[in-house]
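Trainee: So you can see what is in the structure, the chains are spelled out below.
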Amino acid sequence: MKTHNEKKNVRFLTLAVQCVFIASVALPLGAHAEEDELYGLTHPANTVDFGALYVSQKSAKFGEYNGLNDQGFYGLGSFDIRGGKGYDSKDSGLRWKLNGANIGTTSRSFGASISDQGKWKLNLGYDELQHNITDTFQTPQQGKTGGNNFTLPANFGSINAANGQPSARELTPEQLNAFHTEKEYTTRRNASLGTTYSITEQLSAQVDYNHLEQSGAKLIGTGSQGGISLDGGSTGRAEAVNIIMNPTNYSTDNLNAALNWVGDKAHLTGGYYASFFHDDYNSLSWQNALASGASGCTGVNCFVNNTMSTAPTNSLHQANLSGGYDFTPTTKLTGGFSYGYNTQNESFPPSQIPQVNGNTPNPFDMMQPGGLPTSQLNGHVETTHGDVKLTDQSIKDLTLSAGFKYNERDNRTDSNAYNYFNLGGVGVDNQYTGVNTPYSNSRTQYEVAAAYRLTKAQNLRLAYEREDIKRWCNGVVGGAQCVASPGSDEDKVSLTYRLKAFEAVNFNAGYSFANRHANFDHNYQANTGDYGVAELNSQNKIGFVAYPYASRDRNLVKTGINWQITQKLDLGVNGHFSYDDYLASLGVQNGRSAGVNVDASYNYQENSSVSAYWSWQKGERNLRSGNNGSPTEVSTNIWTNRLEDYSNTVGLLTRHGGLLAGKLEIIGDLSYARDTSEYSTKLFYVPTVSNTPTACDSPIALLCGNLSPIRNELISLKLTGNYKVHKNGKIAVAYIYQKLNSNDYFYNGQQFGYTPNRVMPNGLQEQDYTVNAVALSYNLVF
Amino acid sequence: MKLFIQLIMLCGLIMTSAHAENTPATEAKATATVKPSDALDRDSACTRCHDETENKPILSIYQTAHGNKADSRTPSCQSCHGESEKHLSSKSVSPDIIFGSKKGVFAPSDVKDQNTACLTCHDKDQKRTNWQGGAHQVADVACTSCHVSHTAHDKVRDKQTQPEVCFTCHKDQRAQVRKFSHHPIAEGKVACADCHNPHGSAGPKSLVKNTVTETCYTCHAEKRGPFLWEHQPVTEDCSNCHTPHGSNITPLLKSRAPFLCQECHDGPHQSDAPAAGNAAGIQGGLSPTLPNGNFSASENFTGRACMNCHSMVHGSNHPAGALLHR
Chain A
9 MKTHNEKKNV
19 RFLTLAVQCV
29 FIASVALPLG
39 AHAEEDELYG
49 LTHPANTVDF
59 GALYVSQKSA
69 KFGEYNGLND
79 QGFYGLGSFD
89 IRGGKGYDSK
99 DSGLRWKLNG
109 ANIGTTSRSF
119 GASISDQGKW
129 KLNLGYDELQ
139 HNITDTFQTP
149 QQGKTGGNNF
159 TLPANFGSIN
169 AANGQPSARE
179 LTPEQLNAFH
189 TEKEYTTRRN
199 ASLGTTYSIT
209 EQLSAQVDYN
219 HLEQSGAKLI
229 GTGSQGGISL
239 DGGSTGRAEA
249 VNIIMNPTNY
259 STDNLNAALN
269 WVGDKAHLTG
279 GYYASFFHDD
289 YNSLSWQNAL
299 ASGASGCTGV
309 NCFVNNTMST
319 APTNSLHQAN
329 LSGGYDFTPT
339 TKLTGGFSYG
349 YNTQNESFPP
359 SQIPQVNGNT
369 PNPFDMMQPG
379 GLPTSQLNGH
389 VETTHGDVKL
399 TDQSIKDLTL
409 SAGFKYNERD
419 NRTDSNAYNY
429 FNLGGVGVDN
439 QYTGVNTPYS
449 NSRTQYEVAA
459 AYRLTKAQNL
469 RLAYEREDIK
479 RWCNGVVGGA
489 QCVASPGSDE
499 DKVSLTYRLK
509 AFEAVNFNAG
519 YSFANRHANF
529 DHNYQANTGD
539 YGVAELNSQN
549 KIGFVAYPYA
559 SRDRNLVKTG
569 INWQITQKLD
579 LGVNGHFSYD
589 DYLASLGVQN
599 GRSAGVNVDA
609 SYNYQENSSV
619 SAYWSWQKGE
629 RNLRSGNNGS
639 PTEVSTNIWT
649 NRLEDYSNTV
659 GLLTRHGGLL
669 AGKLEIIGDL
679 SYARDTSEYS
689 TKLFYVPTVS
699 NTPTACDSPI
709 ALLCGNLSPI
719 RNELISLKLT
729 GNYKVHKNGK
739 IAVAYIYQKL
749 NSNDYFYNGQ
759 QFGYTPNRVM
769 PNGLQEQDYT
779 VNAVALSYNL
789 VF
Chain B
177 MKLFIQLIML
187 CGLIMTSAHA
197 ENTPATEAKA
207 TATVKPSDAL
217 DRDSACTRCH
227 DETENKPILS
237 IYQTAHGNKA
247 DSRTPSCQSC
257 HGESEKHLSS
267 KSVSPDIIFG
277 SKKGVFAPSD
287 VKDQNTACLT
297 CHDKDQKRTN
307 WQGGAHQVAD
317 VACTSCHVSH
327 TAHDKVRDKQ
337 TQPEVCFTCH
347 KDQRAQVRKF
357 SHHPIAEGKV
367 ACADCHNPHG
377 SAGPKSLVKN
387 TVTETCYTCH
397 AEKRGPFLWE
407 HQPVTEDCSN
417 CHTPHGSNIT
427 PLLKSRAPFL
437 CQECHDGPHQ
447 SDAPAAGNAA
457 GIQGGLSPTL
467 PNGNFSASEN
477 FTGRACMNCH
487 SMVHGSNHPA
497 GALLHR
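These protein sequence lines map, in sequence, to chains A and B. Here this note's numbering is used: position 688 in the first sequence is 696, and no number is missing along the way. Here this note's numbering is used: position 218 in the second sequence is 394, and no number is missing along the way.
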């Protein structure tokens, strides 16, 4: 069948090519237009492209966003057609446009617009995007991508050895046979409608609406069990992990309506924005063979049913006002205000989970008696924004500005105590009390800046910014704190210098320094899921500060130079370096980033050029942490971890026109990107593994040293030849080569026979690919 | 045979429709109101020299909004380039305003003067309210650094080609969008202007909305909540964990669990435990069993690590999901 289809595809391609040639010879297109270049310049050119493309290899990664994820032929099609009296007439400004792109793939888009310029405009759009995630995911769960209920085959049996120890690495042949491949993807289909209407010369109205429909699924981790008793009496973590397909059956409707008024010295826009998100599901259920059932258990009674929540349906209504007033032509005031009302009233997922017959309790109730204070959240967040900015250029060569911004997220959701059972637990030890802490925050920013033109060729700008952040929770049950850092303030100064050294040389350099002072309370009581137990500092060690909430200094230097060596040759070099230093005895200590970009382009003749670039980037983050100690006792088992990112990208682009008497143009795009992320850990103590002091680099620990680098190398080549068969038509032949070498230790723990204790394998593979693609298309201009 | 007939019909349709489109257009040229002197009369002071023989397609401005003669707001050449009286009498003298950033026959005018010409009409609307004092204005970016006004296809206003215009200056981002994990920017499905307003905004980093989170929720409304169990950094700033332009670590993460989580957690569960080669599991060199016979690889460090179980990192709406498990 496949062979037959391939033959059919080849025959179709052959005929399509013949069609192209027939069309190119037979069409009298442009015969008259050739006579009048003026007409061609002042009137739009309509274009239609059609053809076919062949992809040599199936790859979800190559086709991640371009819709070319399968091996085989794809139809190519795009068009752009414009018309209307608005190109000719002084009496009618009517213009219209129809366009489409990538019609033969899941990346297709269409658009249409019509307008009477200065009076009204209407536009429609449709955009489709399939995000292909992986085509190697395997699961024994029954249920399709996009569903929210997954079950195991009745004969799958449990995955538990005699002592309660796991055996996911030793699946039986029957269990292995139950695994099947599910393609993971999410699809977005976005339809839009927009209109603008000029009521008067000063007043116009605008309405934009779009509807986004999503389907498919993304992979998600699930735990079903807290801890189990290990040999020797200790408690091990045996979370009974299944990676399952989390459905993305969503729709989002966004509406933006605005009324714009423009006067001689002022303008004002009042608007309403609404966003409605809907999830077809409110829960995701699956069966787990890792968490229950004795060794050798067979039949459905071996499984435990489990449920988790999905993204809740929610809505946002926002009123917006923005505008400006010109005191003088050189002194302007602008500002804006927004108020948003965000609600979420999705029913909670069922907390009672019906179990299969042999399992008790049935149904299993995740909540303790009286643990469900309400059936839905009645979530309610108010967002407020205000900004005002004054700019003045009334003094020659001096530009002054002063601004103020305020943003607040005020979470007015009720706080309640939810008495529940921890994962997989039913006993007293697993009775947890969680108190939801609706997080609120506000950010106040001030900025003053002065830019001075020192000479005709030199500019200097000095700016000062101040930012104050506040964090709080409204009405937390029990009145406890909810945040470790109730606030911070940050001062930032920046200096920028620009120089036009010569007629063709532009140089710029800038430096900024920011100091953030954060208030941090190591004695606050955190919501760690079990509020019944006093948890200081989220159980973090004393001295540990989460990096977003730590005091820190930030230094940033930027510089760049662009040199137009000749009218044909340009050269540019720029770079930056930043250093963040955090004030915390434990936690992120510092971070650095640096980057250099070099670009050169040479336009050696009309329609012919070559350009090359090189980008280098490096990032580093240093973390210091403690393995013992407590929120009140200083840790002595110190370890550090360093993350280093390296990125190198080089590219060469060339366009050579004018070949074969001006009929042939060749375009080349070659690039190579290599990205590496490396983790290294140092221990300043001797770790204990299985209650025995062990060298940190011993094979039973591997707690220190370097992790194998995460490395991705992408080579990409695209060669395109455009051959004009006549003035209005050309044939394009393109060859695409892409090769991805991906090395990532992430996939090790997904493989059959190699997963951790209680992780169901899924066989996910690294996404290496080598793809060759050839495209042939005909481009018609009329 | 059926396929062949369909192809013939397709060819016929293409030829017929193309011919049909072409014929009236040709006739229109001959009979309709479009005569150069008619269409171009307001600009004839300029177009008598700058005609269709120019290397640059000067006259194609009539395909753009700036060339729609029925709109009373449509500018003439001199509305933007100035009266240029000296230039009219001597072509060796530059027009009043020369747009662009590169030296051609004449040196470009000061950016401020160039932009003033554009802002005469374009400074009073919602999208450009925050131009003054915005990142591009203070960096002396000219409107024409990004926009071309004389051709029908203004690259920066086309989703497919916009990034290459932005990457002319934003070269770090040019490299980042090629990383393993990225938004579909290079693929033409997301444009820079979907998130940023290059004309300035009230948000950080010239974002189209007032905050980072609000901007992300435009497309990722499933993360908006509010959730019953919130994750504090998520409610404040998505970029606490994600880097939007590209990452070596999926999905657009600054780092990977457990290391990412350990930047904020050093106590609960295994968040205080060091990880190194053990995160690579048995294939990374870890002994399959411990001395006591237990298996050594841990789900706390391998694969999704913390997110093997705490997978609801953006928030949970399950009444038993306080630990972001469910």
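A couple of the hints might just be wrong.
[As the list claims (entries may be wrong)] As a list, the in silico DSS-like pairs of lysine-lysine whose alpha-carbon atoms are at most 25 Å apart:
| no. | chain 1 | residue 1 | chain 2 | residue 2 |
| --- | --- | --- | --- | --- |
| 1 | A | 566 | B | 278 |
| 2 | B | 262 | A | 127 |
| 3 | B | 381 | B | 303 |
| 4 | B | 279 | A | 105 |
| 5 | B | 303 | A | 576 |
| 6 | B | 381 | A | 129 |
| 7 | B | 288 | B | 262 |
| 8 | B | 381 | A | 500 |
| 9 | B | 335 | B | 232 |
| 10 | A | 508 | B | 288 |
| 11 | B | 303 | A | 273 |
| 12 | B | 303 | A | 732 |
| 13 | A | 576 | B | 232 |
| 14 | A | 478 | B | 381 |
| 15 | A | 105 | B | 303 |
| 16 | B | 303 | A | 464 |
| 17 | A | 566 | B | 335 |
| 18 | B | 279 | A | 576 |
| 19 | B | 381 | A | 626 |
| 20 | A | 404 | B | 288 |
| 21 | A | 508 | B | 279 |
Simulated from the structure, these hints should not be mistaken for lab results.
Trainee: Each hint: holds or not?
Mentor: Taking the hints in turn, this is what the structure says about them:
Restraint check for residue 566 of chain A and residue 278 of chain B: the C-alpha separation of about 23 Å stays at or below 25 Å, so the hint holds. Restraint check: the Cα-Cα separation between residue 262 of chain B and residue 127 of chain A comes to about 37 Å, which exceeds 25 Å; the hinted pair is violated. A distance of roughly 15 Å separates the Cα atoms of residue 381 of chain B and residue 303 of chain B; the hinted pair therefore holds under the 25 Å criterion. Between residue 279 of chain B and residue 105 of chain A, the direct Cα distance comes to roughly 35 Å. Violation of the 25 Å bound is thereby established for this hinted pair.
For the given pair, residue 303 of chain B sits about 35 Å from residue 576 of chain A by alpha-carbon distance, which is inconsistent with the 25 Å threshold. For the given pair, residue 381 of chain B sits about 30 Å from residue 129 of chain A by alpha-carbon distance, which is inconsistent with the 25 Å threshold. A distance of roughly 21 Å separates the Cα atoms of residue 288 of chain B and residue 262 of chain B; the hinted pair therefore holds under the 25 Å criterion. About 15 Å separates the Cα atoms of residue 381 of chain B and residue 500 of chain A, which keeps this hinted pair within 25 Å; it holds.
Proximity of residue 335 of chain B to residue 232 of chain B is assessed by CA-CA distance (about 24 Å); at most 25 Å being required, the pair is judged to hold. Between residue 508 of chain A and residue 288 of chain B, the direct Cα distance comes to roughly 15 Å. Compliance with the 25 Å bound is thereby established for this hinted pair. Between residue 303 of chain B and residue 273 of chain A, the direct Cα distance comes to roughly 17 Å. Compliance with the 25 Å bound is thereby established for this hinted pair. Proposed proximity of residue 303 of chain B and residue 732 of chain A is contradicted: the alpha carbons are some 41 Å apart, above 25 Å.
Taking the CA atoms of residue 576 of chain A and residue 232 of chain B, the gap is about 16 Å. The hint holds against a cut of 25 Å. Proximity of residue 478 of chain A to residue 381 of chain B is assessed by CA-CA distance (about 21 Å); at most 25 Å being required, the pair is judged to hold. Restraint check: the Cα-Cα separation between residue 105 of chain A and residue 303 of chain B comes to about 23 Å, which is no more than 25 Å; the hinted pair holds. Taking the CA atoms of residue 303 of chain B and residue 464 of chain A, the gap is near 30 Å; set against the 25 Å cutoff, the hint is violated.
Between residue 566 of chain A and residue 335 of chain B the CA atoms are separated by roughly 29 Å; this puts the pair beyond 25 Å, and the hint is violated. Taken as a hint, the residue 279 of chain B and residue 576 of chain A pair is honoured in the structure, with Cα atoms around 10 Å apart against an allowance of 25 Å. Among the hinted pairs, residue 381 of chain B with residue 626 of chain A is consistent with the structure: their alpha-carbon atoms are about 22 Å apart, no more than 25 Å. The suggested pairing of residue 404 of chain A with residue 288 of chain B holds, with an alpha-carbon distance near 13 Å, which does not exceed 25 Å.
Taking the CA atoms of residue 508 of chain A and residue 279 of chain B, the gap is near 13 Å; set against the 25 Å cutoff, the hint holds.
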